[in-house]
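Each protein sequence line maps, in turn, to chains A and B. Heads up: the first sequence runs through residues 1 to 519, numbered per the working numbering. Heads up: the second sequence runs through residues 1001 to 1324, numbered per the working numbering.
Hints are not guaranteed to be accurate.
[To be verified] If we take Cβ atoms under 7 Å as the criterion, some of the chain B residues that face chain A in the derived model are:
1. Gln1256
2. Val1260
3. Arg1264
4. Val1287
5. Val1293
6. Ile1321
Hints listed in this document are in silico derivations from the structure and should not be mistaken for laboratory results. The beta carbon of each residue, even a glycine, is placed where N, CA and C say it ideally should be.
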Amino acid sequence: MKFFRAAVFAALFLTGMLVPALAQDVTLTSRDGKVSVSGTLLSFDGEFFRVDSLYGVLTLDGTGVTCAGIGCPNLESFVAEFSIAGARSMGAVLLPTLVEMFAEQSGMRVKRIVQDDRQYTYVLRLAETGKDVARIAFRMSNTDGGIAEMLDGDADMVLATREITAAEAKTAYKAGLGDMKRAARSRIVGLDGLVPVVAQNNPVAAISLMDLARIFAGDITNWQDIGGPDAPIFLHHLSADTGLAQQFETDVMQTEKRVLAATIKRHATAVEVVDAVARDPFAIGITRFSEIGNAKMLALRGTCGMAFTPTRRALKTEDYPLATPLFLYTPARRLPKAAREFLTFLRSPAAQRAVRHVGFVDQDVTQIGIDDQGKRFANAIASAGDEVNLADLQSMIDTLRPASRLTLTFRFNTGSSSLDAQSRSNVVLLARLLEAGAYDGRELMFVGFSDGDGAASGNRVISQRRARAVRAAVKLAATTLKPDQATLSTKAFGEALPMACDDTEWGRQVNRRVEVWIK
Amino acid sequence: MLIKKSYKTAASTFAIVVTTGFVMQNGDALASRFATAEPQAQPSQDAPVRTTQNLASEVANPAPLADKSGFADRVNSSEQNYTPPNISLDQEFSALGLTCDVTLDATKSAGAMVTLEFKAPCHVNEVVTINHQGLRFTSVTSEIGHITVQMPALVAAASFKATLIDGNTVSAIVNVPEVSDYDRVAVQWTGDSGLRIHALELGADYGERGHVWAKSPQTVAAALQARGGYITALGNIDFPGAKHAEVYTFPSGQVQKTGVVRLRVEAEVTAKTCSKEIEAQALQNGVDGVISVSDLTLSMPTCDAIGDFLVLNNLLRDLKIAQN
């Protein structure tokens, strides 16, 4: 038996897998010796024992018991081990940078043990004593792969460039991993966006979402059809199991009711997409905002002339319609202390600096003065008419002029009154800022806007209702906020300040929003 | 024993220099100097040519000068702007009669490069470790105890340290504000693991112009003309503990283009490295804009992959070149 165990250990060691606590016999006895539990040790995280005992699986606080038996871990030399699996686009540069920053802030040094570009382990050790504190195993594939690893019980953290689907969440729930749709199970590490790119020497500068869908469906095959040269279009895209490709499928292809062409050249990473596109003046590719390489971004053109350039600010505000938050999911089980501290660190200003440093979009809330919003107000004037008249516009300007818009914006899922993932995260973000006193003595206006479908009066009512709902959600989340700390008011202007044209579903979705303005 | 051996070699080298180069190049000057100086009975001072033997014995037993009076004046009168060396006879001397002082000088040169001149006349053919902001490599002193190396500065207030085997360390500081015009990354390792940085500049592919690496390192001069970046290989000897580094420089301030320089690190799988773990370090700009050093262990592929390369795309972050 002992021999066999040694063999298993050796095999696990050789394949470089993380070793979970092996089934071994332990007896845990309370400090006063009155209570003891025997069983098979399932895991030990440096603080807690999980034991499969006569009474079922028990979790016992390590500080309250003494351990006897061959299965007892060495408490002194305990090293927290956890694994991160999933999207390579997040795991290649972003997460390693965050781990390094976390270590630096915690007085630890890191060593990266590299197998290859997909598999590496970070060892964190105390700078003072040299004692190992944690080993973080990275196994990078894509969003699908990461979620599959989590469902198999192999991943402690999953990197995903799209939201978990209802079907995946259901499977996870059945597997005892908890409700992945709950805020506690996910967090947004940073922001990114889907961006169409062409070569630098391609004359095309903007494209409508409709044309983008037609091109990737193979319905448009010549640049001439969208104002370019008479040349065939070559298509480059991410592989179908990446979260970004799936996001493109739902946000662009399905919205425009198109199916991807078979002639598309697929690539495993965004780096490969942009490198291929940059070298071919007749190519178009889909990549992420954080990986443009030597290619050129195309702006998205609305049918009525409003264009959306992907910028950091437009991704923060979700004014750019193809924003893609970067998720980190954790199954509902107790993580070692170092892992929990890392998750807490992800929300810190230092983490946001690291996110920005490596080319992703951070979630720091900044203010946009009215002077920087000329284009939006020009749109408002251009779309004004019978339903929204001069008096409406003047009343809106009077309200907003003395204030600044926060980058933090709330938007809703397609055809639904539920907040989208980035906005749900924003509720928590704003609540934390309020609790921390960031807006003490100021007035925060929750300003509702709607699309232009239906009567203007009805839209004003709907936008008012949304503004109130968002304010209520923020108040509920800001549990320690005192009523006199900051004034939270609501305003509503219906369809008066459109961001996009209302003739497409995504245009309407961009317009339906609650902005936050500060006075 | 060992000291004596190198001593002899050094002395004979010097003798050749004195008898040929020195006299040939400076013959006229010498002639004029001796013509104006009062001829006095100072044989050990006057003889421009020495034999190996008498030089060696002189150095081994430095005899006090017969008559030191007026020595400085005499030399002064023969050469303008001459300042007499501040030498005390209590000091130790090298085989060549130079003081055993260990010195390091750092001089800025074009392209935010720094020329280091290390002098340790009493440490010939000795390993010296050079360290600059965590970038370190080993070099060996010449027959006269010198090392001259041109290396990239990583920060504006650039400090350099040179450490001898006995732990004796000298340092130098030079201000290189031009550093902000350049992006620099480095990898460094110990032994002959042979890591290589490959830079693919602004869309270049392997083998094309703009693919910069050890076999196509390019030059500082090309960078100054905004033609692209260059590789600097540091560490000039191979022995089991030798420390090597490769620095890649891109002249971001000069190049009027935007785009990305892809950075890859490659390690060849050789009979020496296969199935082994290579210890290395990567140096690149941290979040605060300061160069940071991170420790790496590369688990090399097994020996059936000899001849292959372990290609790592993410050890060094790509450089994003933006115009202000």
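Each hint, compared with the structure:
1. Gln1256: violated, 14 Å
2. Val1260: holds, 5 Å
3. Arg1264: violated, 10 Å
4. Val1287: holds, 4 Å
5. Val1293: Interface hint status for valine 1293 of chain B: violated (10 Å vs cutoff 7 Å).
6. Ile1321: Because about 10 Å separates isoleucine 1321 of chain B from the closest Cβ in chain A, which is outside the 7 Å limit, the hint is violated.
Of the numbered hints given earlier, the model fails hints 1, 3, 5 and 6; all others are met.
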